[in-house]
Amino acid sequence: MSLHPMIAALRKHKAGVVLIALQIALTLAIVCNAIFIIYARIQNVQRPTGLDENNLFLITQQWVGAPSGDDPASIQKLDAMLKEDINALRAMPDVESVTPINSVPLFQSSWNGAMSLKPGAELRAGNARTTYYFGDESLMKTLGLHLIAGRNFTAADVTNKGFRDPTEANLVIVTKALADKLYPHGDAVGKVVYLDGASTPSTIIGEVERLQVPSVSSWASSFVWNSTIEPVRLNANFSRYAVRTKPGRLDAVMRQIPSTLYGVNPMRVLDDDSVKSFKDIRAEAYRADIGMAALMGVICLILLAVTAAGIVGLTSFWVGQRHRQIGVRRALGARKIDILHYFQLENLMIAGGGALVGIALAVGLNRLLMSKFEMDSMPVYYVLVGLAVVVVLGQIAVFVPARRASNVPPVVATRSA
Amino acid sequence: MLGYYFDLALRSFKRNKVLTALMVITLALGIGASMTTLTLLRLLSGDPLPQKSAQLFYVQLDPYPKDHPFSRSGKLPWLTSYTDAMNLLHAHRAEHQAAMAMTKVKLAPTTTQQHPFFSTGVMATADFFNMFDAPFHYGSGWSAADDQGRAKVVVIADDLNDQLFGGANSVGRSLRINDQDFRIIGVLRHWAPQPRFYSLYLGGPSYGKGEAVFLPLQSARAAGMDPINLMSYAVGDKQELENSASIWLGLWVQLPHAQAVSAYRSFLAGYAQQQVALGRFQRSRYGLSGLMQWLDSQQVVPDNVRLQTGLAFSFLLICMVNTVGLLLAKCLRRSGEIGVRRAMGASRKAIFAQFMAEAGLIGLVGGALGLVFALFGLWCIRQQPAEYASVAHLNETMFLCIFAVAMVASLVAGIFPAWRACIVAPAPQLKST
Numbered sequence: 001m002s003l004h005p006m007i008a009a010l011r012k013h014k015a016g017v018v019l020i021a022l023q024i025a026l027t028l029a030i031v032c033n034a035i036f037i038i039y040a041r042i043q044n045v046q047r048p049t050g051l052d053e054n055n056l057f058l059i060t061q062q063w064v065g066a067p068s069g070d071d072p073a074s075i076q077k078l079d080a081m082l083k084e085d086i087n088a089l090r091a092m093p094d095v096e097s098v099t100p101i102n103s104v105p106l107f108q109s110s111w112n113g114a115m116s117l118k119p120g121a122e123l124r125a126g127n128a129r130t131t132y133y134f135g136d137e138s139l140m141k142t143l144g145l146h147l148i149a150g151r152n153f154t155a156a157d158v159t160n161k162g163f164r165d166p167t168e169a170n171l172v173i174v175t176k177a178l179a180d181k182l183y184p185h186g187d188a189v190g191k192v193v194y195l196d197g198a199s200t201p202s203t204i205i206g207e208v209e210r211l212q213v214p215s216v217s218s219w220a221s222s223f224v225w226n227s228t229i230e231p232v233r234l235n236a237n238f239s240r241y242a243v244r245t246k247p248g249r250l251d252a253v254m255r256q257i258p259s260t261l262y263g264v265n266p267m268r269v270l271d272d273d274s275v276k277s278f279k280d281i282r283a284e285a286y287r288a289d290i291g292m293a294a295l296m297g298v299i300c301l302i303l304l305a306v307t308a309a310g311i312v313g314l315t316s317f318w319v320g321q322r323h324r325q326i327g328v329r330r331a332l333g334a335r336k337i338d339i340l341h342y343f344q345l346e347n348l349m350i351a352g353g354g355a356l357v358g359i360a361l362a363v364g365l366n367r368l369l370m371s372k373f374e375m376d377s378m379p380v381y382y383v384l385v386g387l388a389v390v391v392v393l394g395q396i397a398v399f400v401p402a403r404r405a406s407n408v409p410p411v412v413a414t415r416s417a
Numbered sequence: 001m002l003g004y005y006f007d008l009a010l011r012s013f014k015r016n017k018v019l020t021a022l023m024v025i026t027l028a029l030g031i032g033a034s035m036t037t038l039t040l041l042r043l044l045s046g047d048p049l050p051q052k053s054a055q056l057f058y059v060q061l062d063p064y065p066k067d068h069p070f071s072r073s074g075k076l077p078w079l080t081s082y083t084d085a086m087n088l089l090h091a092h093r094a095e096h097q098a099a100m101a102m103t104k105v106k107l108a109p110t111t112t113q114q115h116p117f118f119s120t121g122v123m124a125t126a127d128f129f130n131m132f133d134a135p136f137h138y139g140s141g142w143s144a145a146d147d148q149g150r151a152k153v154v155v156i157a158d159d160l161n162d163q164l165f166g167g168a169n170s171v172g173r174s175l176r177i178n179d180q181d182f183r184i185i186g187v188l189r190h191w192a193p194q195p196r197f198y199s200l201y202l203g204g205p206s207y208g209k210g211e212a213v214f215l216p217l218q219s220a221r222a223a224g225m226d227p228i229n230l231m232s233y234a235v236g237d238k239q240e241l242e243n244s245a246s247i248w249l250g251l252w253v254q255l256p257h258a259q260a261v262s263a264y265r266s267f268l269a270g271y272a273q274q275q276v277a278l279g280r281f282q283r284s285r286y287g288l289s290g291l292m293q294w295l296d297s298q299q300v301v302p303d304n305v306r307l308q309t310g311l312a313f314s315f316l317l318i319c320m321v322n323t324v325g326l327l328l329a330k331c332l333r334r335s336g337e338i339g340v341r342r343a344m345g346a347s348r349k350a351i352f353a354q355f356m357a358e359a360g361l362i363g364l365v366g367g368a369l370g371l372v373f374a375l376f377g378l379w380c381i382r383q384q385p386a387e388y389a390s391v392a393h394l395n396e397t398m399f400l401c402i403f404a405v406a407m408v409a410s411l412v413a414g415i416f417p418a419w420r421a422c423i424v425a426p427a428p429q430l431k432s433t
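Chains as they are written, first to last, in the working numbering: chain W, 1 to 417; chain C, 1 to 433.
Since the hints were derived computationally from the structure, they do not count as laboratory data. One or more of the hints may lead you astray.
Here are the simulated lysine-lysine pairs, PhoX-like style, with alpha carbons at most 25 Å apart [said to hold, decoys possible]:
#	chain 1	residue 1	chain 2	residue 2
1	W	LYS372	W	LYS83
2	W	LYS141	W	LYS161
3	W	LYS176	W	LYS77
4	W	LYS77	C	LYS104
5	W	LYS161	W	LYS181
6	C	LYS66	W	LYS118
7	W	LYS276	C	LYS106
8	W	LYS161	W	LYS118
9	C	LYS66	W	LYS372
10	W	LYS141	W	LYS118
11	W	LYS12	W	LYS83
12	W	LYS83	W	LYS181
13	C	LYS106	W	LYS77
14	C	LYS104	C	LYS152
15	C	LYS431	W	LYS161
16	W	LYS14	W	LYS118
17	W	LYS246	W	LYS83
18	C	LYS17	W	LYS276
19	C	LYS431	C	LYS349
20	W	LYS83	C	LYS209
21	W	LYS246	W	LYS276
22	W	LYS176	W	LYS141
23	W	LYS141	W	LYS14
24	W	LYS118	W	LYS176
25	W	LYS276	C	LYS349
26	W	LYS14	C	LYS152
27	W	LYS12	W	LYS336
28	W	LYS141	W	LYS12
29	W	LYS141	W	LYS276
30	C	LYS75	W	LYS12
31	W	LYS118	W	LYS181
32	C	LYS106	W	LYS161
33	W	LYS372	W	LYS336
Interface residues of chain C toward chain W, partial, derived using beta-carbon atoms under 8 Å [said to hold, decoys possible]:
#	residue
34	LEU19
35	PHE117
36	ARG333
37	GLY336
38	GLY339
39	GLU387
40	ALA389
Every value quoted in this text rests on a predicted model; they were computed, and no experiment measured them. Cβ atoms here follow ideal geometry from the backbone N, Cα and C, with glycine treated the same way.
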């Protein structure tokens, strides 16, 4: 089929053609960027924390009337209370493993600092930013971390200290990401590091494959896999415990927690948020991301529907307007399929033209978003997929009016309009 | 004449029910989406203290070492160290001045069988209530002497008063905070500025319900309460926050007029230089930002909300382009009718007016439906767990704004089709029919 008569016909409808093309261009630009944002969010949400997230929950509680001082006597009293809790939790029937801990990945509380190869380095000048987890020898087992080099802590390695005490542990386990950053040759185990500008060294005794930092905010994105585990029970007037249960017993154990802990010591605060499954912690951390992705998805769908409706509307109008001409073509020997193809090809040209403008708009919009928000550059294939989507959408939308056009009988040609 | 145009428009709608419905729904979706997000954006970026915000200023200094700056991009530290905050407060160079921090508190009801619970508290110096116009229902705030004397007094929010004392005058009664007794000296009326400008970087929520308790800074510190947020600019002991190299306080001053502002600016410049001379600071930078300027520069509105607003307005734009196309199709289909009207003596102006009236009618109906969509959208936002969810309500301004935007959008969309309609030449139309 020659394109020439088609272009000549389109010239008669400049306004309509420009409007459809413009709508397609804008749709392409927005849908591409929206899908890119959705994908980035989903990717963020789906990255594994390094934990075995099933059958795991976290308890946060605060004692009433516990010592609040930093003197050794207060600290030892607090440590005794903490050990009492841990022992009671470990004695529960369906509990597999328990550790005191300051936070877990995706939880809104974190303890961040820097690790350096030199002693006394300034806090901010450390060689690598890191987040600290404090727990005992059961931490690895409770969280389900994978040790890939060195050894785990033993009970003898574990010490305790006051919450505000700045002394650092002698032994640490770090993530592979952090170990490779400090010792790029992969021989970090056995080497020394200095934590938070300390003057005394700490020895790396093990490496874990993966352990995410607690914060999912953008400020933590530069060190999201740099975690350090210290064999320390932190003593304060509040405490946290991570608990791993036997498979399938999570809910049952969680329900028994308040009575068990109140049984140990009734002078404490446990509220609705005190006992939280890891599943809930994950859901809360990413709720905004998932909400945003869902909203973007819905708007994209409505947008595509609106654009399709616009194409149906205008093409229907054109078909109605050219009723007689179609009849003439049919009378002169054009087959139904020729008429169908004519409108399909016409739409392809308009959509193609619009999509070309749309590609430029999509890239421009991406640049604009990059300058205003923390966002990456959009890979080319998003634009290509977007292009395919709008062209296919155009073809689907044009099919109904085009088929109506192809059903115009040749006899129309003989009638006077 | 307008009545006649509306009559014609209604007839035309009846003839093309599907196309008309499509236009109205498209426009309404665009209006609904854009107005929902705009309402939220306006609420979130609104003025928290409209009567006072022009006089309130946030103070920043830079105690960080030159080679380990607070931020690589040159931002000033968000908070102030205790030493600097106290030096500036005691200089009394502003009409009012207050330093504050947020803390997590454990509240234990003394009378009822309720369980203890956690909440957020503000620890502040005496000028806090006067400076921020916090209204008292009963009693009053504390004095600078109470603060210095570490008096165990507390001002509580109306919510907490309702919860613990059934809304009665609780001044003089005692409240157990973190296992210590504090005497209630004041109960606030409902007070929760949105966004909560003073809590920025102090660790409290930016929106939603206000804090439960307000304590004198020294008293709270003496009772062992720690700030939620703390950043250190040098290695050292953090057990004594007052003497440590840490920033943890927000410092606000009230400066009633431009003269006072420039005077305070030069005072701050002098202070920073003096600290450099003393060797405490390495840089004499300082910041004095008006309340709204401070909120703007810190982008307190969540990125997601700004992104959604942009998306919704692009959506409205596409809906408008769509409406232009559909209106154009309708207009051109009625060329015959236009030809007859022109031949009967209607001027081009009259044809233009007729089609604009039709577009306006679509805008009105689209706006009404858009209002329903916007109310639904805001309802959806209120169901979300975000801290700003509770403030998502439509006010009168936004109500009118919906119709204004709908009318403007539909009239702008109608201009081109109406223009095309009014330049239809009557003669060929009459000939062919």
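A quick look at each hint next to the structure:
1. W/LYS372 / W/LYS83: violated (50 Å)
2. W/LYS141 / W/LYS161: holds (22 Å)
3. W/LYS176 / W/LYS77: violated (36 Å)
4. W/LYS77 / C/LYS104: holds (23 Å)
5. W/LYS161 / W/LYS181: violated (28 Å)
6. C/LYS66 / W/LYS118: holds (20 Å)
7. W/LYS276 / C/LYS106: holds (19 Å)
8. W/LYS161 / W/LYS118: holds (24 Å)
9. C/LYS66 / W/LYS372: violated (28 Å)
10. W/LYS141 / W/LYS118: Distance ~31 Å between W/LYS141 and W/LYS118 Cα, so the pair is violated.
11. W/LYS12 / W/LYS83: It is violated: about 85 Å lies between the C-alpha atoms, which goes past 25 Å.
12. W/LYS83 / W/LYS181: Not satisfied, since the Cα-Cα distance of roughly 35 Å exceeds 25 Å.
13. C/LYS106 / W/LYS77: holds (20 Å)
14. C/LYS104 / C/LYS152: Since the Cα atoms of C/LYS104 and C/LYS152 sit roughly 17 Å apart, the hinted pair holds (cutoff 25 Å).
15. C/LYS431 / W/LYS161: violated (99 Å)
16. W/LYS14 / W/LYS118: Answer violated: W/LYS14 to W/LYS118 is near 71 Å, above 25 Å.
17. W/LYS246 / W/LYS83: Within the cut-off at roughly 22 Å; holds.
18. C/LYS17 / W/LYS276: violated (54 Å)
19. C/LYS431 / C/LYS349: holds (23 Å)
20. W/LYS83 / C/LYS209: violated (37 Å)
21. W/LYS246 / W/LYS276: holds (16 Å)
22. W/LYS176 / W/LYS141: holds (18 Å)
23. W/LYS141 / W/LYS14: violated (70 Å)
24. W/LYS118 / W/LYS176: holds (20 Å)
25. W/LYS276 / C/LYS349: violated (69 Å)
26. W/LYS14 / C/LYS152: violated (79 Å)
27. W/LYS12 / W/LYS336: holds (23 Å)
28. W/LYS141 / W/LYS12: violated (74 Å)
29. W/LYS141 / W/LYS276: holds (19 Å)
30. C/LYS75 / W/LYS12: violated (58 Å)
31. W/LYS118 / W/LYS181: holds (14 Å)
32. C/LYS106 / W/LYS161: holds (23 Å)
33. W/LYS372 / W/LYS336: violated (52 Å)
34. LEU19: holds (6 Å)
35. PHE117: Cβ of C/PHE117 sits 6 Å from chain W, so the hint holds.
36. ARG333: holds (6 Å)
37. GLY336: violated (10 Å)
38. GLY339: violated (14 Å)
39. GLU387: Violated, about 11 Å.
40. ALA389: violated (11 Å)
Going down the numbered hints, you'll see the structure goes against 1, 3, 5, 9, 10, 11, 12, 15, 16, 18, 20, 23, 25, 26, 28, 30, 33, 37, 38, 39 and 40, while the others check out.
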